[in-house]
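Chemist: Chains as they are written, first to last, in numbering that gives the first Met the number 0: chain R, 0 to 438; chain H, 0 to 382.
Be aware that a few hints might be false.
Claimed, not checked - 30 Å max Cα-Cα, derived DSSO-like pairs, lysine-lysine:
hint: 1; chain 1: R; residue 1: K50; chain 2: R; residue 2: K92
hint: 2; chain 1: R; residue 1: K50; chain 2: H; residue 2: K156
hint: 3; chain 1: R; residue 1: K50; chain 2: R; residue 2: K409
hint: 4; chain 1: H; residue 1: K256; chain 2: R; residue 2: K405
hint: 5; chain 1: R; residue 1: K50; chain 2: H; residue 2: K256
hint: 6; chain 1: H; residue 1: K225; chain 2: H; residue 2: K189
hint: 7; chain 1: R; residue 1: K50; chain 2: H; residue 2: K196
hint: 8; chain 1: H; residue 1: K256; chain 2: H; residue 2: K189
hint: 9; chain 1: H; residue 1: K306; chain 2: H; residue 2: K160
hint: 10; chain 1: H; residue 1: K160; chain 2: R; residue 2: K409
hint: 11; chain 1: H; residue 1: K198; chain 2: H; residue 2: K101
hint: 12; chain 1: H; residue 1: K198; chain 2: H; residue 2: K225
hint: 13; chain 1: H; residue 1: K156; chain 2: H; residue 2: K196
hint: 14; chain 1: R; residue 1: K405; chain 2: H; residue 2: K306
hint: 15; chain 1: H; residue 1: K306; chain 2: H; residue 2: K101
hint: 16; chain 1: H; residue 1: K243; chain 2: H; residue 2: K196
hint: 17; chain 1: H; residue 1: K101; chain 2: H; residue 2: K248
hint: 18; chain 1: R; residue 1: K409; chain 2: H; residue 2: K217
Please keep in mind that the hints were generated in silico from the structure rather than gathered at the bench.
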Amino acid sequence: MHDLIEYIQSYLSSNLTPGGAGNWFWATVYVLAVFVGLSVAVIAMNWLERKILAHMQVRLGPMRVGPHGLLQPIADALKLLLKEDIIPEGADKVVFWIAPFIVVLAAFTVFVVVPFGPTHAITDMNIGILFMLGVSSLSVLGIVTAGWASNSHYPLIGALRSSAQMVSYEVAMGLAVVSAILMTSLHGIGFYGAGDAAAGASGTLSMIGIVQAQQEQQMWFIFKFFPLGLVAFFIFAVAMVAETNRAPFDLPEAESELTAGFHTEYSGFRWSLFFLAEYSAMIAVSSIAVTLWLGGWLRPFPNALQGPTWDLVFSLFPGATFVFLGLMTFYNVARMPKHPLFKIQTIGLAGFGALLGAIGLVLLIPQVRVRVNDIFWFSAKVAGFMYLYIWYRGTFPRYRFDQLMKVGWKVLLPVGLGLLILTAGLGMRTEIWEAVVRR
Amino acid sequence: MTDPKTLSPLDLETPDKTFLDANELVINMGPQHPATHGVLRVILRLDGEKVMGLECVIGYLHRGVEKIAENRTYTMFNPYVDRMDYVAAVSNALGYCEAVEKLLSVEAPPRAQYIRVILTELNRIASHQLWLGTHALDIGAITPLFYTFRDREEILKIFEKYCGARLTTHAFRIGGLQYEAYDGFEQDVKAFVSFVKPKIDEYEELLTTNRIWLERTKNVGTISGKDAIALGVTGPVLRASGVKWDIRKALPYANYKNFDFEIPTGQNGDTYDRYIVRMVEMRQSLRIIEQAVEGIPEGPIMAKVPKVMKPPVGEIYHSIEAPKGELGYFIVSDGSTQPYRVRVRPPSFVNLQALDLMCRGQLVADVIAVIGTLDIVLGEVDR
Chain R
0 MHDLIEYIQS
10 YLSSNLTPGG
20 AGNWFWATVY
30 VLAVFVGLSV
40 AVIAMNWLER
50 KILAHMQVRL
60 GPMRVGPHGL
70 LQPIADALKL
80 LLKEDIIPEG
90 ADKVVFWIAP
100 FIVVLAAFTV
110 FVVVPFGPTH
120 AITDMNIGIL
130 FMLGVSSLSV
140 LGIVTAGWAS
150 NSHYPLIGAL
160 RSSAQMVSYE
170 VAMGLAVVSA
180 ILMTSLHGIG
190 FYGAGDAAAG
200 ASGTLSMIGI
210 VQAQQEQQMW
220 FIFKFFPLGL
230 VAFFIFAVAM
240 VAETNRAPFD
250 LPEAESELTA
260 GFHTEYSGFR
270 WSLFFLAEYS
280 AMIAVSSIAV
290 TLWLGGWLRP
300 FPNALQGPTW
310 DLVFSLFPGA
320 TFVFLGLMTF
330 YNVARMPKHP
340 LFKIQTIGLA
350 GFGALLGAIG
360 LVLLIPQVRV
370 RVNDIFWFSA
380 KVAGFMYLYI
390 WYRGTFPRYR
400 FDQLMKVGWK
410 VLLPVGLGLL
420 ILTAGLGMRT
430 EIWEAVVRR
Chain H
0 MTDPKTLSPL
10 DLETPDKTFL
20 DANELVINMG
30 PQHPATHGVL
40 RVILRLDGEK
50 VMGLECVIGY
60 LHRGVEKIAE
70 NRTYTMFNPY
80 VDRMDYVAAV
90 SNALGYCEAV
100 EKLLSVEAPP
110 RAQYIRVILT
120 ELNRIASHQL
130 WLGTHALDIG
140 AITPLFYTFR
150 DREEILKIFE
160 KYCGARLTTH
170 AFRIGGLQYE
180 AYDGFEQDVK
190 AFVSFVKPKI
200 DEYEELLTTN
210 RIWLERTKNV
220 GTISGKDAIA
230 LGVTGPVLRA
240 SGVKWDIRKA
250 LPYANYKNFD
260 FEIPTGQNGD
270 TYDRYIVRMV
280 EMRQSLRIIE
290 QAVEGIPEGP
300 IMAKVPKVMK
310 PPVGEIYHSI
320 EAPKGELGYF
330 IVSDGSTQPY
340 RVRVRPPSFV
350 NLQALDLMCR
360 GQLVADVIAV
370 IGTLDIVLGE
380 VDR
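Using the sequences and the hints given, assemble the complete structure.
Modeler: Structure follows, in structure tokens:
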């Protein structure tokens, strides 16, 4: 028993990830935390998407289940769980059964290397980004098998579209990623950065390493070699929408053409697995974008707004955000209709506000706020991407299949290649420049 | 690769053996499909995603409206026409009432004519708004639907205030109107005109210059003016192909000759042109409404029509420009209280036969866009 406690405590003093430290206990805790956090994020995302989309479309969105529809995702989850589990007669039952699990597995496994903070990752692989791209592209396998096993025309077309789309956008995505990885080892000087050339000049594929490289160079890669970083980020931002099959690239599940694409024949719990996978894949690719270009867990303006005062101000953000959300909720509690029928709803909303406020207050405790700061900034950046996803969906019509391919192969790919060459060339130039200056 | 435009129509009974290779896929779209606007069934023959030919199977909403007419008196049949094109019920009623009036040789009094024009043009805007919303939804833009429905609501409110019904209005009677315009009708209509003008700009802001919208609609579902005339296509679809044919101008009915408006035409006959033509039409309808509401004369709203209508023996064909095209009524009277035969020429039904031609060589996604741009209402196709 004593050994066990010692084993658990031994990790607390280390500055490695649980996986890196090889501590099984904490690794399990982190896995569970990530899993639960992700599930909560997907549920929240479900509600937020409906609400935000509704407000963009001059309607209210869910309002009936719980105050402001807060319990709607839970009601939906219950409905999906209780639904009859239908497997079409002509379907290949085993493959049909396995397909959603492949998709979910791929979508969740990538979070093993997502760095929520310098030590807040399940593990830190030295090929982290490669692992993420590799595993996340496994999900196409699940989609193709789902479409094939359904033994129906629409899912088949949806699955074929999906595989073509994901494979072709991965190329552009990969090029953008490579240019970011190049930046980890290249130091700009002069206009292209204030980096200290002495700081570790070797490149890295580790997710944590990439963020640390941005920290050392005191520059998010989106601003590096301006505008090259920005263009790479843009390519990735487009490719990641296509990769996750979201509007305006949601052809595989184009509702008006293919009814529901590859998951037309799926219902109930199996369908909800696809849903879960789609949203966690969105979060996963957004985390890649945040890690590679937006400085991961680093707070904004790390170099411009330095010093203990600014550190304090920024460390108050997480708590302040939740307290603000809580206050907003209480404002809406005050605006609730004063009819007795709304009593339960009002109490529920007040309770939710109190919960948000309590979380906010806990996050303001000095010992806590130091630890959650990284996680907060990372999540906030990812949340920004989630908002973008919803915004796209509310704004854009859908691309046609051939136009999608055209964008992928004729626009993003050449731009990505040129970008890679330019980044490498510029890096070379600065390296040579540095060598000259140093002499 | 054979050009799909040269292929013969699909023969479903005896499939052509030359097409039964592995590249061909025959898929069934509808009648339960989110984007076929009701219960249209389309059988598509695909080569990959390319449409080699298609056939429409209709009749899922057949209610025998024309047969019902033979067992109803002229007045009793009036509400039934509202159920054909249920998103433009007022236009249907206008066509029917005018046809019977022609048969009876009566004419609605001027005041009734003006109110008829106002309501019909309002209904044209409502129909186009519904078309825009669903068409954009089919192409993947979900937001315009809510904008158009929000604004269409204002039109339906005017209808509701006028006659109590929102959709199947039964607004007109043979010989004029049943109801006098309610107090404040003019103000409501004027308020609507000034309300909806910026809203139409708002729809255009969302779509007209949207890159994806342009790519999805330009050169999609192209039909030449010659083909359109050969197939009997009418309405905005014909006008987008460059043929300036609008029955309001060509064979003026009601009192359209009193109003100053333009007939928009397109050049390419593609989906984008049809979109632009309809957007301009909405503005032109507003122009007509503005002029009409200024000039509503005082006077009776019903002509002298016998209680029991017995039109003289004979036949009549009368057509109007419904939002979707030429809506014609062919009525044969045998001198009794009931028509001997009523035949409706619905614009959607005739326009739908251009679908095959417009879709050949396009992709599956374009079929959806083309069905949307034809603006069909299955209630009218099947009757």
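Chemist: Give a verdict on every hint.
Modeler: Cross-check of the supplied hints:
1. Among the hinted pairs, R/K50 with R/K92 is inconsistent with the structure: their alpha-carbon atoms are about 37 Å apart, more than 30 Å.
2. Between R/K50 and H/K156 the alpha-carbon distance is near 27 Å, which keeps this suggested pair within the 30 Å criterion.
3. In summary, the hint linking R/K50 to R/K409 is not supported, as the alpha carbons are separated by about 36 Å, beyond the 30 Å threshold.
4. Simply put, H/K256 and R/K405 have alpha-carbon atoms about 50 Å apart, too far for the 30 Å limit, and the pair is violated.
5. Between R/K50 and H/K256, the direct Cα distance comes to roughly 49 Å. Violation of the 30 Å bound is thereby established for this hinted pair.
6. Proximity of H/K225 to H/K189 is assessed by CA-CA distance (about 40 Å); at most 30 Å being required, the pair is judged violated.
7. Only pairs whose Cα atoms come within 30 Å are accepted, and R/K50 paired with H/K196 is accepted, the gap being roughly 28 Å.
8. Simply put, H/K256 and H/K189 have alpha-carbon atoms about 21 Å apart, close enough for the 30 Å limit, and the pair holds.
9. Only pairs whose Cα atoms come within 30 Å are accepted, and H/K306 paired with H/K160 is accepted, the gap being roughly 27 Å.
10. A C-alpha spacing of about 56 Å is found between H/K160 and R/K409, which places the hinted pair above 30 Å, so the restraint is violated.
11. Among the hinted pairs, H/K198 with H/K101 is inconsistent with the structure: their alpha-carbon atoms are about 38 Å apart, more than 30 Å.
12. Of the supplied pair hints, the one linking H/K198 and H/K225 is violated, its CA atoms being roughly 35 Å apart against a limit of 30 Å.
13. For the hint linking H/K156 to H/K196, the alpha-carbon distance of about 17 Å falls within 30 Å, and the restraint holds.
14. With a C-alpha separation of about 67 Å, the suggested pairing of R/K405 with H/K306 is violated against the 30 Å cut-off.
15. For a cut-off of 30 Å, the pair hint linking H/K306 to H/K101 stands: about 17 Å separates their Cα positions.
16. Between H/K243 and H/K196, the direct Cα distance comes to roughly 25 Å. Compliance with the 30 Å bound is thereby established for this hinted pair.
17. Between the alpha carbons of H/K101 and H/K248 the distance comes to roughly 19 Å, so the proposed pair stays at or under 30 Å and holds.
18. Between R/K409 and H/K217, the direct Cα distance comes to roughly 20 Å. Compliance with the 30 Å bound is thereby established for this hinted pair.
In terms of the numbered hints stated before, the structure departs from hints 1, 3, 4, 5, 6, 10, 11, 12, 14, listed from lowest to highest.
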